[in-house]
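Colleague: In case you want the letters, here they are:
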Amino acid sequence: MIAGIDLGTTNSLIGVYESGFPTLLADSNGKRLLPSVVFYGNEILVGHEACRMQALHPEETISSVKRLIGRRFGDPETKDIAGTPGSPVTLALGGQNRTPEEISSEILKRLKAIAENRLGTGITRAVITVPAYFNDAQRAATKRAGELAGFTVERIVSEPTAAALAYGLDKLQDQSKIAVYDLGGGTFDLSILQLDNGVFQVLSTHGDTRLGGDDLDRAIGKLISSKAILDSFSSSDGIRLHEAARTAKETLSSEEQTNILLPFLKDGESIEMTLTRSEIEEVCAPIIRRTRTHCLHALEDAGLKPGDLDQIILVGGSTRMPLVRELVTEIFGKEPNLSQHPDEAVALGAVLQGAILEGSLHHVALLDVTPLSLGLETFGGLMNVIIPRNTTIPAKAGEMFTNAVAGQSGMKITVLQGERELADDNWTLGSFEIPFPPSPKGAARVGVQFSIDADGILQVLARDTATGSEKIVEIKSAVEVSDEAVEAMLSDSLEHAFEDMDARIFTEARLKAEEMLPAVEAALSQLGGELGAGEVILIREQAAQVTAALESRETARLKIALANLDTATQSLATRLIEKAMH
Amino acid sequence: MDPFSLLGLPRRPLLSEEEIGTAYRKLAGELHPDQEGGDAAAFRKLGAASAIVRDPARRLRELAGTGSSNSLPSQAAVLFPQIAAVLQQADTLIEKHSVASNALSKALLSAPLKSLSVDLRASLLAVGTWRNSLEKELIRLDAAWPGVDQDAMHLVADSFAYATRWERELKERELALACTK
Numbered sequence: 001m002i003a004g005i006d007l008g009t010t011n012s013l014i015g016v017y018e019s020g021f022p023t024l025l026a027d028s029n030g031k032r033l034l035p036s037v038v039f040y041g042n043e044i045l046v047g048h049e050a051c052r053m054q055a056l057h058p059e060e061t062i063s064s065v066k067r068l069i070g071r072r073f074g075d076p077e078t079k080d081i082a083g084t085p086g087s088p089v090t091l092a093l094g095g096q097n098r099t100p101e102e103i104s105s106e107i108l109k110r111l112k113a114i115a116e117n118r119l120g121t122g123i124t125r126a127v128i129t130v131p132a133y134f135n136d137a138q139r140a141a142t143k144r145a146g147e148l149a150g151f152t153v154e155r156i157v158s159e160p161t162a163a164a165l166a167y168g169l170d171k172l173q174d175q176s177k178i179a180v181y182d183l184g185g186g187t188f189d190l191s192i193l194q195l196d197n198g199v200f201q202v203l204s205t206h207g208d209t210r211l212g213g214d215d216l217d218r219a220i221g222k223l224i225s226s227k228a229i230l231d232s233f234s235s236s237d238g239i240r241l242h243e244a245a246r247t248a249k250e251t252l253s254s255e256e257q258t259n260i261l262l263p264f265l266k267d268g269e270s271i272e273m274t275l276t277r278s279e280i281e282e283v284c285a286p287i288i289r290r291t292r293t294h295c296l297h298a299l300e301d302a303g304l305k306p307g308d309l310d311q312i313i314l315v316g317g318s319t320r321m322p323l324v325r326e327l328v329t330e331i332f333g334k335e336p337n338l339s340q341h342p343d344e345a346v347a348l349g350a351v352l353q354g355a356i357l358e359g360s361l362h363h364v365a366l367l368d369v370t371p372l373s374l375g376l377e378t379f380g381g382l383m384n385v386i387i388p389r390n391t392t393i394p395a396k397a398g399e400m401f402t403n404a405v406a407g408q409s410g411m412k413i414t415v416l417q418g419e420r421e422l423a424d425d426n427w428t429l430g431s432f433e434i435p436f437p438p439s440p441k442g443a444a445r446v447g448v449q450f451s452i453d454a455d456g457i458l459q460v461l462a463r464d465t466a467t468g469s470e471k472i473v474e475i476k477s478a479v480e481v482s483d484e485a486v487e488a489m490l491s492d493s494l495e496h497a498f499e500d501m502d503a504r505i506f507t508e509a510r511l512k513a514e515e516m517l518p519a520v521e522a523a524l525s526q527l528g529g530e531l532g533a534g535e536v537i538l539i540r541e542q543a544a545q546v547t548a549a550l551e552s553r554e555t556a557r558l559k560i561a562l563a564n565l566d567t568a569t570q571s572l573a574t575r576l577i578e579k580a581m582h
Numbered sequence: 001m002d003p004f005s006l007l008g009l010p011r012r013p014l015l016s017e018e019e020i021g022t023a024y025r026k027l028a029g030e031l032h033p034d035q036e037g038g039d040a041a042a043f044r045k046l047g048a049a050s051a052i053v054r055d056p057a058r059r060l061r062e063l064a065g066t067g068s069s070n071s072l073p074s075q076a077a078v079l080f081p082q083i084a085a086v087l088q089q090a091d092t093l094i095e096k097h098s099v100a101s102n103a104l105s106k107a108l109l110s111a112p113l114k115s116l117s118v119d120l121r122a123s124l125l126a127v128g129t130w131r132n133s134l135e136k137e138l139i140r141l142d143a144a145w146p147g148v149d150q151d152a153m154h155l156v157a158d159s160f161a162y163a164t165r166w167e168r169e170l171k172e173r174e175l176a177l178a179c180t181k
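Heads up: the sequence lines are chains A and B, in that order. Here the first sequence is numbered in the working numbering, starting from 1 and rising by one per residue. Here the second sequence is numbered in the working numbering, starting from 1 and rising by one per residue.
Hint data in this document are derived by calculation from the structure and do not stem from the laboratory. Glycine included, C-beta positions come from ideal geometry on N, C-alpha and C. Careful, some of the hints might be misleading.
No more than 35 Å apart at the CA atoms, straight line, and that leaves these computed lysine-lysine pairs for DSBU-like [stated by the list, open to error]:
1. B/26 / A/305
2. B/114 / B/96
3. A/512 / B/114
4. A/334 / A/177
5. B/106 / A/441
6. B/181 / A/79
7. B/181 / B/96
8. A/441 / B/45
9. A/227 / B/106
Short, incomplete list of chain B residues facing chain A, as computed with Cβ under 7 Å [unchecked claim]:
10. 44
11. 101
12. 111
Estimated spans, in silico, between C-beta atoms of each pair [said to hold, decoys possible]:
13. B/140 / A/85: 54 to 62 Å
14. A/269 / B/98: 38 to 46 Å
15. B/181 / A/409: 21 to 29 Å
16. A/42 / B/33: 43 to 51 Å
17. A/424 / B/180: 50 to 58 Å
18. B/89 / A/409: 37 to 45 Å
19. A/18 / B/92: 42 to 50 Å
20. A/580 / B/151: 46 to 54 Å
Make a model of the complete structure from these sequences and hints.
Modeller: Following this line, the structure appears as structure tokens:
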């Protein structure tokens, strides 16, 4: 029996295929959603029990670990954790450094136990879902988490693809084209699929692995604290605030207003206020609007117009927000389909994929794609694409390279993933050296072959065609650096991380100021004549404040002066935009 | 093996996106390694074949066999300066806009971005017109098939390659521009 698992940022689920139907399994309290939260104390707690520990022991509790899986220090996602840029992320919890895949494996172990309890039998095989836009390292790390939990991972499947399968199997007409809009706790994906006689073909996918409900909660939390005029919190108050923000978001999906009550915060303060739907929509709109770009990209890559789509399917808890539904309607010119349970579709799809693999579901095939282009760094530092994005997987492609210099005795091969032209702007999956005997220019030939398996994970094969020597390269994902090396890098960087902080913030503010001041001059010279003398004087005064703050080298002062200048030039900016539109 | 026969399609210049897609999905559904009797190697070959057949430039080159047109299509030479200039302009402005950290600097870019969007539209229209004439050319080639001159086929293939690439690059910039708003 193969279990289907949705390993989510916020919640996780497990299910199995039973007597011809996909079924999701509940724990002993009858709950199917397991919060993706882990507590490391005397014992390891997972799910609801870990949630209860979170406010009391914020330092020993971890949520949203999916945002860190397969990442390295230096990625935007890791900015709050100290570590050496480029090394794999680890977190100090319960007195030990733990990798995100270790932490995720605790969640998977709990799911496994829930299923085994319910079914009274051991479960050792699983299909696990990941965001479609997860890269190679993130997929490999998720697979590793499954193995740590004692599963044989039969397949890593993309979440929107799984959801389409769950939705489409009984509801869709043959020959339909659909879009799956998946806004989860931490990630966003938009996939476009075509259905044809039981074949689910992904035409294109686009997304952002750093955009989700967590970001909305954070924005709402900021709104609450700024309304309450509180700007610093202890970490346990911060967690309570985040909780309150999430509850408010959920309530305001159906109500027009809600009350926030947070008594006994730090220093005996408390927060009590009313929050309206339109207030939270104002702070959430810029975040939700970021999904539009991805929708347009996916449509473009599929060669379709919004009108070509038969259905828009919403997946992920965050799609319950009315604002999300409005935006989806605006982008696709069509009301989204709400018949699918947004929290359960992905897990059901994973179960169905398991059923296909074990041969209990016939005449259904999923043709998924690789979300990001894969290629090599070329001589001039450019990205040379070998397998373009949206290629159906499994896939294989290769290219032949020759030596550019006479007497060269080896070739360095750097494997990249991403869509940017410059090699440096893409994610480096790994690099390796292919040695060959020194030979005249163009005489050495190295064949490089990329092969992506059905999990979307890459293997690279390089072959020196003259000697026939062959090298299979397992791409080193972030996880495979030795523990000692990580420890050494960590202790090095921890000492420096904090003292550098203030200097870094000042530098950032200084760079902003150096950009802002010439912009003010340019704008005034274009439009100064149309402004009232009073406004010009005000702007110049604020600009002078910024210059003075720069000289004082006081970070706080510079930030305030910049904010004031920003406000003073607001109408100037508006006029510039209006003028351009005419 | 011949990519056309792998897909069970006739070897000819004109094939619709739809008939290629339908043929591909039918076979892919059977050959996918998840399926009973599936075959990973055959599935990958099918994928490679459909990539060739779906792209008009690659399809024509496959039909014409070895050789090449050796000359730049004249319409490509005409359009190149305009398109190269607008692409470069787009990259510069979009980059400037993305690194601008304050509202005023972004606002200063609105006039140049507006005129860029007009230029992009015009270039896309020019490439689109060219592409339409190439589609007609494809119909003519198909009608005369197989009595078609190899060099003529390579010329049309190269033209499609340029038009497809430019269209894609221009649309990418147009999307990036739409996302600055």
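Colleague: None of the hints should be skipped; say for each whether it holds.
Modeller: These are the hints, each one checked on the structure:
| no. | hint | result |
| --- | --- | --- |
| 1 | B/26 / A/305 | holds, 24 Å |
| 2 | B/114 / B/96 | holds, 14 Å |
| 3 | A/512 / B/114 | holds, 25 Å |
| 4 | A/334 / A/177 | holds, 14 Å |
| 5 | B/106 / A/441 | violated, 49 Å |
| 6 | B/181 / A/79 | holds, 27 Å |
| 7 | B/181 / B/96 | holds, 14 Å |
| 8 | A/441 / B/45 | holds, 33 Å |
| 9 | A/227 / B/106 | holds, 29 Å |
| 10 | 44 | holds, 5 Å |
| 11 | 101 | holds, 5 Å |
| 12 | 111 | holds, 4 Å |
| 13 | B/140 / A/85: 54 to 62 Å | holds, 58 Å |
| 14 | A/269 / B/98: 38 to 46 Å | holds, 40 Å |
| 15 | B/181 / A/409: 21 to 29 Å | violated, 53 Å |
| 16 | A/42 / B/33: 43 to 51 Å | holds, 46 Å |
| 17 | A/424 / B/180: 50 to 58 Å | violated, 23 Å |
| 18 | B/89 / A/409: 37 to 45 Å | holds, 44 Å |
| 19 | A/18 / B/92: 42 to 50 Å | violated, 59 Å |
| 20 | A/580 / B/151: 46 to 54 Å | holds, 48 Å |
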